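Enquirer: Hey, can you work out the whole structure from these sequences and the hints?
Per my numbering, residue 1 is the first one in the first sequence, and the count goes up by one each step.
Simulated from the structure, these hints should not be mistaken for laboratory data.
Please read all numbers here as calculations on a predicted model, not as lab measurements.
Idealized CB from N, CA, C, for every residue including glycine.
Any given hint might turn out to be false.
Pair ranges (Cβ atoms, derived) [to be verified]:
(1) Arg-269 <-> Glu-138: 28 to 36 Å
(2) Asp-126 <-> Ala-175: 24 to 32 Å
(3) Arg-144 <-> Pro-123: 16 to 24 Å
(4) Asp-230 <-> Asp-295: 20 to 28 Å
(5) Gly-171 <-> Glu-257: 48 to 56 Å
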Amino acid sequence: MQGGRPASVPLLLGPTGIGKSRAAFEVARALGGEIVVCDSRQVYDRLDIATNKPSREEMREVRYHLVGIADPRTTYTVFEFVEAANRAIADIAARGRLPIVEGGSMLWADALAEGFSLAGVPPRPDRRAELERLPVAELAGIVRRLDPEATLDERNPVRLVRAIEVLEVAGPPLARLRTRRPPPWTPLRIGLTADLGVVDLRLARRSRRQVERGLVEETRAALAYGVPADAPVLTGIGYAEALAHIRGEVSLEALPEVMARSNRRYARRQLRWLRRNPAITWFDATADPVPGILDFLRAQPI
RNA sequence: GCCGAGGUAGCUCAGCCUGGUAGAGCACUUGACUGAAAAUCAAGGUGUCCCCAGUUCAAAUCUGGGCCUCGGCA
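Expert: Rendered as structure tokens:
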């Protein structure tokens with residue numbers, strides 16, 4: 001890598017609770033790297049506990065990018081992430097360091113590594129709010145009228161609203177707007193996995209610790225700061241459950257288990273997403289995966 | 001001990017009156033996913049219907065007995 005053009009960039013991916021953040025930290029320290037976090041909740045400022053941000057110590061030793069950079073009252077989109085991540089990667093490489101992408105937001109990782117066009121139409125919140133009030137069947141009708149060829153889940157309101165939002169601005173067909181332009185570097189996709197029993201145990205422990213560390217207080221503080229209860233960051237695992245507790249629907253004693261359950265479901269969904277990607281090189285994280293990852297990376301043309 | 005309520009899917013419960021061998025939500029498994037993605041949506045499996053006996057062509061459902069749980073009164 002030289003002159004701001006990295007030859008290849010490691011992407012450390014895996015389910016929540018597998019320990020990928022720590023692994024990325026160790027890899028960065030060993031190889032003189034900086035970490036670009038690919039995480040749709042860690043981008044927000046102020047909410048630290050349940051987003052599993054790196055610790056103060058880790059951030060002192062290794063330089064992190066895209067952590068806590070967005071106002072939690074707003075929505076930070078995958079498009080903004082791809083732009084910012086590409087800038088960060090170029091910047092890191094220009095300084096002669098190794099960029100390492102790490103995270104669990106799978107759409108974000110694919111959008112970055114495969115260069116999704118994302119239709120080229122930004123969200124229109126006002127229109128979105130109008131459309132959200134319509135029944136699903138009506139939304140599906142609008143999409144069919146705008147683009148009879150459109151292939152999408154006609155029962156998913158979020159998909160339909162987005163399709164209408166795009167088609168009204170860019171025109172049909174929808175398929176033309178979804179293209180890929182790969183980045184100017186080769187993605188080295190590293191997947192972390194482990195026996196699900198091991199993952200579940202780590203998630204249970206982590207959920208308990210998050211409540212002990214003041215998750216409920218942090219959630220209350222966010223509300224007081226003006227973060228809407230339906231803001232993306234508060235729909236994240238941990239905060240959604242903490243809000244349920246604040247509303248009186250979940251006891252404090254039950255909170256860690258409710259959080260752990262959401263985490264287990266999410267971890268499985270992430271694993272399912274990754275499994276079908278044949279470009280991933282897998283490492284087992286039951287024991288420390290870092291030595292194996294370093295061997296793998298040292299054999300690559302970075 | 002008496003009175004009342006109840007025992008149906010891993011959990012919370014509907015069905016029982018008016019018999020035709022079972023259903024919802026959540027959980028679980030699987031799938032979709034191009035500017036909300038920790039979001040959103042979809043498909044699927046799941047059962048000694050507490051036990052025993054009786055009535056009946058047929059019982060989760062009706063009848064009798066038993067066991068257990070939760071309230072209230074003692």
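Enquirer: Indicate, hint by hint, whether the structure satisfies it.
Expert: Verification of the supplied hints:
Roughly 29 Å separates the CB atoms of Arg-269 and Glu-138, a value that falls within the hinted 28 to 36 Å. Range check, Asp-126 to Ala-175: Cβ separation about 26 Å, and the 24 to 32 Å hint holds. For Arg-144 paired with Pro-123, a C-beta distance near 22 Å keeps the hint of 16 to 24 Å intact. Taking the beta carbon of each, Asp-230 and Asp-295 are about 45 Å apart, not inside 20 to 28 Å as hinted.
With their beta carbons about 49 Å apart, Gly-171 and Glu-257 fall inside the hinted range of 48 to 56 Å.
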